[in-house]
Amino acid sequence: MTLTRPARIGLRLVALGYLAVLLLLPVGLVFEKTFAQGLSAVWAAITTPAAVSAFWLTVEIALIAVVANTIFGVVCALVLVRGSGRGRWLLDVLIEVPFVISPVIVGLSLILVYGTTGWFGKWLVRHGITVIFNPLGMILATVFVSLPFVVREVVPVLREVGTEQEQAAATLGASPLQTFLRITLPSIRWGLAYGVVLSTARALGEFGAVLIVSGNIAGQTQTLPLLVDTRFYAFDNAGAYTAGALLAAISILVLLVMTATAPDKRRL
Amino acid sequence: MAISLHDVHKSFGDFKAVDGVSLEVPEGSLTALLGPSGSGKSTLLRLIAGLESPDRGEIAIGGDPALAIPPQRRGIGFVFQHYAAFKHMTVRNNVAFGLTVRRRPKAEIRERVDELLAIVGLSGYANRYPSQLSGGQRQRMALARALAVQPRVLLLDEPFGALDANVRAELRSWLRGLHDDLGVTTLIVTHDQEEAMEVADHVVILRSGKIEQSGPPRQVYQQPANDWVMGFLGPVSRIGDTLVRPHEVALAVEPDGDAVEAMVARVVHLGSQVRVELELAGGGEAHAQLTPTEADELEPERGDIVYLRHSRTPALRDQARISSGAGGA
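Chains A and B, in that order, are what the protein sequence lines are.
FYI, in this note's numbering the residues of the first sequence are 1 to 268.
FYI, in this note's numbering the residues of the second sequence are 269 to 597.
Do not rely on the hints blindly, as some may be mistaken.
[What the hints assert, rightly or not] Under the rule of at most 20 angstroms between Cα atoms (straight-line distance), these lysine to aspartate or glutamate pairs were calculated in the EDC-like manner: (1) 284/B - 332/B; (2) 478/B - 382/B; (3) 478/B - 495/B; (4) 478/B - 460/B; (5) 355/B - 160/A; (6) 355/B - 229/A; (7) 478/B - 323/B; (8) 355/B - 32/A; (9) 478/B - 332/B.
Treat the hints as calculated values from the structure; they're not laboratory data.
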């Protein structure tokens, strides 16, 4: 489709305006509010014991969840694209569940399963494992909500790449593991990287599901999003903005690293 | 190494891709598996490579049963129609792949790859990526990659099918020369009868998963086992009860014994030959291929009535039928 010059400029303005109003402006304001307090105030707000604990807990949970979902995501994508089982459609549907279910429901359902009165509750209590109101539950919740991203990004790439390169590798003497590491993985690397970035962003920012299973105990089960919320409702606006800015900065950093390391492939 | 297949069957669902094929591929030969699409030729090649498993039957490579051996250890080199280039690797790493996974010393790999790139004429391209090569270059890279592991047999699945006609013709004669130099037993799958005729010293013609005929190109062309094979190997016209090649149709202006009457529908001058399209008196169409000299003598024009007959004597043809029938398919 060819467009006249005014039409092109008009479309560009609409797209940029939309992004500016809905995305750049609010996020930018958070940073503006944060740094309006002065650097020493910012430093003080992010070095309180609660903030330091929240930062590390957030990073730790995101890391575990992303690693778990990356491994699961690749295996799952392989099953969906390369498998021949009849139940694949079911797996395909199940993977979408975290997209369509509200995170709050995810949190509640985890309590029903793992809470002290839940299905596995008695067994867990007997073995001294605490899931709910503990980082373990928060990890489960985060894994749940960030599960589809890697699968959804890898499946189309895997489908497009096809099986010929893998077959060629096999005829050249490569074992299945060698084929996976040398052929399949490099072929899907950009899709995988993008899925990891999306998973990471989701895992870092998850609020609803984590809020319910964590109990939001400062210094113990409080992540950055929960800290923002807590400070905001304690009328500590400056502290909330600072924690929010920190969270946004981490996410933007992840996105930048990804964009910088994947040059040509995603160019329009 | 010789390849031998005995009563091999392979179905995909209800579709019988390979339906009881027995075949001997002599050591050092260049054999073409020729057939229309869906004839099972590619499946047969993939069965030999171990990329598919037969439902039943035996496959042996170099006299050893191959079915229990995975593709990795069958000692085959496989070349795919769409090259199957490793897109994220340079040409050098593509060609080196088989040696790299065998953990050969770096110096040996480098030397061997250089040697192979020289053989396929890609010496200056070692550090390029497949996306920077033309289709013909990619396929030559794929061939070098397959040869790097010193396969006992080379299996080529429509290797030139995705290339332009002129590149295809060039690579065909190049492949023939390469085979003559290396002497590796080679099986090439193609749907192009001209390609099979030009490249192979043995042609196996497949239809619906079964072998219709096999033999040297000249033999299958001149003594087709049946009408289908004859029609598949080149253009034919039906005159009376027999199928005739256009260049074997003789035209005359006067009726002569059993010659068939026809009307000239169109005369096409193609430079080195003249094609005369005919409408037979008894219904049906035929065409004759004349040399320019023959056409000048006859001067056929649209609407002319001519008489046609087979230029080879009937006795010769009958003999051909008997010998190919006795020879077996």
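Do the hints match the structure? See the list:
1. Restraint check for residue 284/B and residue 332/B: the C-alpha separation of about 26 angstroms exceeds 20 angstroms, so the hint is violated.
2. Under the criterion of a C-alpha separation no larger than 20 angstroms, the hint pairing residue 478/B with residue 382/B is inconsistent with the structure, at around 42 angstroms.
3. Of the supplied pair hints, the one linking residue 478/B and residue 495/B holds, its CA atoms being roughly 16 angstroms apart against a limit of 20 angstroms.
4. Of the supplied pair hints, the one linking residue 478/B and residue 460/B holds, its CA atoms being roughly 18 angstroms apart against a limit of 20 angstroms.
5. As the CA atoms of residue 355/B and residue 160/A are separated by approximately 13 angstroms, the hinted pair is consistent with the 20 angstroms bound.
6. Our distance criterion of 20 angstroms between C-alpha atoms is broken by residue 355/B and residue 229/A, whose separation comes to about 48 angstroms.
7. Only pairs whose Cα atoms come within 20 angstroms are accepted, and residue 478/B paired with residue 323/B is accepted, the gap being roughly 15 angstroms.
8. Taking the CA atoms of residue 355/B and residue 32/A, the gap is about 46 angstroms. The hint is violated against a cut of 20 angstroms.
9. Of the pairs offered as hints, the one joining residue 478/B and residue 332/B is violated, with about 24 angstroms between alpha carbons and a cut-off of 20 angstroms exceeded.
Comparing the model with each numbered hint stated earlier shows that hints 1, 2, 6, 8, 9 do not hold.
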